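Construct all of the structure, not just a fragment, from the sequences and the given hints.
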Amino acid sequence: MSRIYLGEFEELVLLTVAILNGAAYGLNIAEELKQRTDRSINLSGVHVALYRLEEKGFVKSELGGATAARGGRRKRLFSITAHGKRTLDEMRQVREDLWGAMTNLNFS
Amino acid sequence: MSNRSQKPLPPGWADRLLRFVCPAGLQEELIGDLREQFEQHVAALGEAAARRLYVRETLRFCRPYFISRQLRAMAAESKTESSSPFLNPAMIQNYLTIAFRNLAKNRVYSFINIFGLASGMAVAMLIGLWIYDELSFDKQFKHYDRLAKLWQFVKFDVEKSSYDVMPIPLARELRGKYADFEAVSLSVSRDVIMVAGEKKLMRQGSYVEPDFLNMVSLDIVAGSRFGDNDVNSILLSRSLASAMFGASNPISKLIKLDNKQTVRVGGVYEDFPANNSFKNVTFLIPWKFFAANDPGAKRDRDEWDSNSYQIYAQLKPGADFDQVSAKIKDIRMKRDDPPGYKPEFFLHPTSKWHLYADFKDGVNTGGTITFVWLFGSIGVIGLLLACINFMNLSTARSEKRAKEVGIRKAIGSLRSQLVGQFFSESLLMAMMAFILSLLFVQLALPFFNQVAEKSMVILWTNPLFWLAGLGFSLLTGVIAGSYPALYLSAFQPVKVLKGIMRSRRSATIPRRVLVGFQFTVSVTLIIGTIIVFRQIEHAKDRPIGYSRSGLIEVKMNVPELYGHYTSLRNDLLNTGAVSGMAESTGSMTEQSGGTTNISWKGKRSDTKPLLMANFVSHDFGQTIGWKLVAGRDFSREFTTDSSSIILNEAAVKQMNFKRPIGEIVRTNGKAYSVIGIVKNMVKEDPFSPVKPSFFLLDYRNVNTINIRLAPQLSASEALSKVERVFNTYSPDAPFEYKFVDDQYARKFGNEERIGRLAGGFAILAILISCLGLFGLASFMAEQRTKEIGIRKVLGASVLNVWGLLSKEFLMLILVSFCLAAPISYYILSDWLKNYQYRTELSWWIFVLAGLGALSVTLLTVSYQSIKAGLVNPVKSLRSE
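Protein chains in written order, with this note's numbering: chain H, 1 to 108; chain L, 1 to 880.
Note that these hints are calculated values from the structure, not bench results. Quantities reported herein were computed from a predicted structural model and do not represent experimental measurements. Do not rely on the hints blindly, as some may be mistaken.
To be verified - Quick look at which bits of chain L chain H covers, simulated, 3 or more residues with Cβ under 8 Å:
1. 18-30
2. 33-40
3. 58-65
Stated by the list, open to error - Some, not all, of what chain H presents toward chain L, calculated at C-beta under 7 Å:
4. GLY26
5. SER44
6. ALA69
7. ARG70
8. LYS85
Quick reminder that beta carbons are idealized off the backbone N, C-alpha and C, glycines included.
Shown next, in the form of structure tokens:
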């Protein structure tokens, strides 16, 4: 765990990329997040997170086909890498361990 | 609206912004996403909302992440040679290397250029500092914008005069009846002899009311201020406290004032800074003390027509100076028994104390602000001269480099690279000049402070100073570099290298205009300097009506000096060091007061002329050496002389007496008969006519001892003997004396300062112009080396060559002289109008200045032209 650092927002973006596997790009990630988390998401933030994740090797990307809706511009499609998947698993494991440890406590 | 495409589009500038901040590689996908979102928003929320959201999203992209990626991308790009060679670090390094080599190769030229610009900048900086200091006057007060001093206009005869002295009851009136005043304080300033233990000092300070301390935001560093109930208390400035008591604690120490009353030190305050109207106030004493002890103040307590005291006021927030002035204007005239001089009170705001202190006939006519403008324009002109020089030399130099441009272009240099080359050279020089000018200013500042009577420092920590300095250097560098950078770099290499490109005559026209301008300024300054000094000399040589040499004055500010006239006089005369002694009201170099309460036979009843009153002892005339033109001096042999009067010539003229001796003049309810007429004596402004004055005998109404030192002894010897006599009469007071000729010379302070500054700038302007001329002449000679060689082969003499090269400059001088003469005539005759006693603008001054400029020019140019003429033609023709 010490080798990687993933911010909360980055983690959400990475999870969304995993959900939309193969078809994820800036705008639909933002919309997906907006729906699921009910908080205001801006495109630039999502893009910065995506580029950072790519620099860290959690996602990979390729330029996809052009759509008329974008004025003929291509979109960059992101998919999760094996490293990214493993990191998500590790983080989930850590959290579950922590949650498990907490059931012993008495919250009265 | 009809032209609009069907599809709604987001604002174009948002896209441009995005292209600017985001790296090129990401733009397609980012704009794509934004556009897709935009279309969704249009469908869902309408076009207006969609556009608004689009802009908001785009602005969010201006975040550090994208900008730093963009910068990195740009930096990476500039490393690859293909794009923007201008920003390439290797190229910039190369520019600087070449620039330094060029500077080193042409040492003289570089020196002239950088030195000239640096001195211009240094002058501008000095003047800038001076103006900054002048404008910052009195701004230390917390309530600067609400403080004012009371002034009044009074009308003695035709014109309104202005005075800043007020009657005491006015302060009470303002405080009690006018709601606009937050605080009002009476104040009076005095030179006081202070004695504490062995220490005796004479210092200037003020008696003020407690409110005054708040008004001037007094900074108490030890002890406490005085309140309403304190009377025998004193506040010392930090410098006076250390002068009186050294390192020991001054609080609660006792000080004896003028050998009469004793006060206790209540506190110490930080000295008023040099740029403050109260900078000479070294101590503050409660007004109550003054009111209780000073006989004049006791007498004037309810006296509405005795104007001898200052009043300072602080208005309530929101009150307007003009409106309040209008309200208080007629306070005196509305009271009983209004005086004939019709006083009009008004407020003079603190912001105007220093720069706008002159009034003429009831209107503010400025004051020191004139000098701010004058020196400001001189600074700008000096800087302009230096810049012109810099540009002239840079452009002249660059023409020699046309071939270099050709070769650089031929081997593949881009135009943008040449532009960069020339700009970096001129910027480098401008920056070096800036650094050098800082050095100059630092070195010149102590001297400049002395001349200007200031204590200024370079504003090392003021960002504005650096911004202005660096900004100006950049601007000069860019302007000077623009001609070679933009014009030369456009040459076609083929033409240049074939030698078709010759500098055409038209190219030199701007340069001639600039040199002409420089000389116009120089000649104007020379003429100005001569006139200012002639005006000073003119007033100094004016007959003053008495003799100044060896005349000293001693203020009678301790009670021991009064009432011993005869014995003091005898003791002084017996020392042999004194040839005459008398007593009088006020100094010979000041006029202490006048009266309108005077009448004579044939006086017109509708006028109220002011006559200056002087009270003197019997020996006054003989001591100061006045010149009787008619009648006789006061004499002890005539017991009737207590009702005799002596008039000056101006008074006789005013009174229109045909046979003045024996006429009767009435003043203060007593009749005096005229026994003598003296020549006009210059007591006040040496540039104005002498005012009508009269002299009366009075041994009580005096405060100054006049002493004529005997010429046989040296001044120091005589003074020590005089001091010994004074010490027997007033052992506790320091012996303080003033030489009348020193005091008289001080009246020329302002004029001499202008004269010295104008002279300094004239020398500097000539120096800068000559540097430029020297450089230009050397380039012209160099450019025509071949021509001169051929001419010499064909038989031209050195004189011919000299004439050839000098002719052009002579023409320039003539033209600029023709411009400078009328300009300076206009300015100077305007200046001289300020003086009623003034010198003539003689034609020979102009001729002299013109000849001076001409000879300096010829000397400068001749060096180059004779050098060119002496070169062996074989050498100049063999090269190439």
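Tested hints:
no.	hint	result
1	18-30	holds (count 4)
2	33-40	holds (count 6)
3	58-65	holds (count 4)
4	GLY26	holds (4 Å)
5	SER44	holds (4 Å)
6	ALA69	holds (5 Å)
7	ARG70	holds (4 Å)
8	LYS85	violated (24 Å)
Taken one by one, the earlier hints fail for this structure only at number 8.
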